[in-house]
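Visitor: Modelling step: build the complete structure from the supplied sequences, incorporating the hints.
Residue-level listing of the chains:
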Amino acid sequence: MSAFFDALGIVFHLGTLLYILLGVAWGMIFGMIPGLSATLAIVVLIPITYGMEPIVGICMLLGVYIGGVSGGVISAVLLGMPGTPSSITTCYDGYPLAKSGLGEKALGIGAVSNLIGSIVGWIFLILFATQLSRLALKFGPFEYVAIIIFGIIAVVTLSGDSVLKSFLMAVLGLFFATIGSDPTYGTLRNTFGLDIISNGINTIPAMVGMFVIAHICKEVQHHSEKYALPKSKPVKGIMTKEEWKESIPNFLRSSIIGTAIGILPGIGGNLATFVCYDQAKKYDKHPETFGSGNIQGIIASETGNNAVIGGALIPMIALGIPGDTSTAALLGGLQIHDLTPGPLLFKLNPDLVYSVFISFMVAVVFMFVLLMGGKRFFPKILRIKKAFLLPTVLVLSLVGCYNLNYSMKDVWIAVLFGIFGYALSKWNFPMTPIVIGLILGKMLEKNLRLGLSQSGNSLLPLVTQPICIVFLAATVISILFAVKIKKKTIEMEEKS
Amino acid sequence: MKKLVSLFLTLVVAASLTACGGSKADESAKEPAPVTEETKEAETPIEAEETSVSWEPTQEIRIIVCYKAGGQSDLFARKLAAIIEENKFLDTSFVVVNMAEGNTNDGISALMEADADGYTLMFHHNAFITLNTTGAINASYEDVDFICEALEQPFLIVANADSKYESAQDIIDDVKAGNTVPMGYSGFASPGHFALLNFLYQADIVDGIQQITYTGGSEAITAQLGGQIDLRSSNTGDSFSYIASGDIKPLVFMSGERHASYPDVETTADMGYGQAITLRSGLFAPKGTPEEVKAAIAEAVKKACETQEWQDFCYEQGAANTYASGEEFKAKFDSDKETIDTLVEVFAEQFGK
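Protein chains in written order, with our numbering: chain A, 1 to 496; chain B, 1 to 353.
Source of the hints: derived by calculation from the structure; they are not laboratory data.
This structure is a prediction, so every number in the text was calculated from the model and none was measured.
Take these hints with a grain of salt, some might be off.
Pair by pair, the computed Cβ-Cβ distance ranges are [unchecked claim]:
(1) B:E292 with A:I48: 27 to 33 Å
(2) A:G193 with B:E142: 24 to 30 Å
(3) B:D334 with A:K138: 24 to 30 Å
(4) B:E142 with A:L168: 44 to 50 Å
(5) A:S100 with B:G135: 54 to 60 Å
(6) B:G272 with A:R134: 38 to 44 Å
(7) B:G352 with A:V463: 29 to 35 Å
A few chain B residues that face chain A, going by a derived Cβ cut-off under 10 Å, partial list only [what the hints assert, rightly or not]:
(8) D106
(9) G135
(10) P182
(11) Q210
(12) S218
(13) T222
(14) L225
(15) G226
(16) I229
Beta carbons: idealized from backbone N, C-alpha and C, even for Gly.
Guide: Laid out in structure tokens, this is it:
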């Protein structure tokens, strides 16, 4: 127990609190700018934490993680461009709200969603880390395949008007994922002899291309509008009482989905937000309003991606296995500070673990305060003329792409995807399925091949193992639901 | 006109940002590297005794790591750089740059294209040999200069805590009895893979083992802890903390000496097998780097390896701190290459040869 009080003493020291605040702010800046991610924010800061006490350094890095994931909401809402892949779904409803002058409200909702998602993830972390992490180990490669199939179908059924178009785009995304090095053997394939894609297509440049560059092109087309955003109406409070009540199931559901997906090592936040958004849409009374400013969309997306944080920390703290790329960087940070992650972390360094638990909440509070405090000012700040704002975002995003691997290839890929994305939007093809195919494709292939290798080339476990059956059943239900919604929409259209 | 100007300015900014080759990472980790009057004066008497001028860096040194941030190589590179900086073994700052793409190709190419002035180095290990021999990369270690070796890490075979295998001999016996035994490892054509292949070759169980390839250490750990595989060949970083927690047990170390942390666990040398493949990591420089530059850096690394901080870090990571000079390092690489060449022939099918 004394370790707990030691931890309190360490965290609630003015210096530590200041570092955590700085970390959160730093993370939020990275999270805000498309092309720069929470993972990068952590990696860049690690050397700077050398001179600090190990635990203080880790608390700061944790703050960066939380800020990094949460910052994405700002650009998603106010610019319509995702700061990180986990904020893509926030753009769908956040941006239309900002366009109708409700930017401040959308940011407020985003802040609250971040808060609630983080808290729920945190509760699972502090109460059930050990048990949940051992449970997560039961998920083998075939289980991952089942989950990923569920995720892809979820996205295909939710995007756009035409399921066929979404499906085609998802398949295209899966194809893009096969370009580059074979995940197991490292041999090059599908590069068509082109050097640019010899490293494959990374998620972030593709995302920057399709969601930032293509978006900027579209904005430039409306050059009669000087400002990207209309003036934001000030809002009292965050939501009305009815809206709060309506949102409770969404908050709960999205938090749990986010935490659950975060716990599974390797999958990460990107899938979580799509599944949360999809589920929120399916359970909503008016699913057709998703994508034009339904606050439930923002709630699902932002709650989900913050719940992932708590989830991803579970295998990291309990087993020393990273839940996503940011926790992998955090693990590196732990080791640099001579703290050995692993199952014995709690036993050998209880003060560290307690400090992580406590500073997590501190960072979440700071994040919430920064967002709530800033929500009135961010729209004002971003009300710069499009002519100045958009090129700045463009340059920063491209620099972020270069910074991934110090390679111009990623910058060119972003540009190419920008042109591609612009063309797609002109022909009304949805872009989300491509991103999801790209992100999940690599994982799908890796796990499928690993599973086959372990089972002696048999696909049987995919349909006989219990967890697999659950997710495959969920996929089928998801498809049926989507068909139902589609029928309803057609009926409503026929009536009018 | 206004539009043209803003477009032009954007292009200029974008071009300059990408052309300078710097990055936010460089900027934020930068520290001034002053060479004061006093230092110069204090060094003159010692300098006079040396036959060659001791090289002093005047700008930041970039260390390329061909793997992602948070990985083992990254960790050791950063630790080494931090120790050298803190103790001023070299009066400059370091920045570690991760170039994980292209299966180490990008990192190695970046090193080879850099100026041979000592300001760009690479922290890498004998994957350089294995990937080249199997054809995954074209560059060979003959294309770069060796500065020095900084550490060695043995590989070991670990089994689940409740595994029926108590020793390596149990595995061999099981195979000889006609069973196929699955064994996991991470990193196709990596030194860890070859350490395993070497063991299989030496134990004459080449055909009886079903090799299961994992992409990274975490994946392999997860699979073993989750009960999907029983046996795994691993490096120390991906196993020690789990041995300590009792989740897995070490069966044999593929090395010549008993490991300081686990002196009761036998080694392949105990079993009568010859040279094992261990992970040897060190610093490399572009070909043609001047001797005094290499000597100065090697000297700094040597002092860093002697610090308590490095020794403790290596111990915790299960590594053996083995500083060796550039020539010795290269000689070890040459010896490893012979073994690896043989193994590629033995396992020709696997490597598509």
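Visitor: All the hints need checking, so say for each whether the structure fits it.
Guide: Comparing the hints with the structure gives:
no. : hint                           : verdict
1   : B:E292 with A:I48: 27 to 33 Å  : 32 Å, holds
2   : A:G193 with B:E142: 24 to 30 Å : 27 Å, holds
3   : B:D334 with A:K138: 24 to 30 Å : 46 Å, violated
4   : B:E142 with A:L168: 44 to 50 Å : 49 Å, holds
5   : A:S100 with B:G135: 54 to 60 Å : 58 Å, holds
6   : B:G272 with A:R134: 38 to 44 Å : 39 Å, holds
7   : B:G352 with A:V463: 29 to 35 Å : 32 Å, holds
8   : D106                           : 7 Å, holds
9   : G135                           : 9 Å, holds
10  : P182                           : 7 Å, holds
11  : Q210                           : 8 Å, holds
12  : S218                           : 5 Å, holds
13  : T222                           : 6 Å, holds
14  : L225                           : 5 Å, holds
15  : G226                           : 4 Å, holds
16  : I229                           : 7 Å, holds
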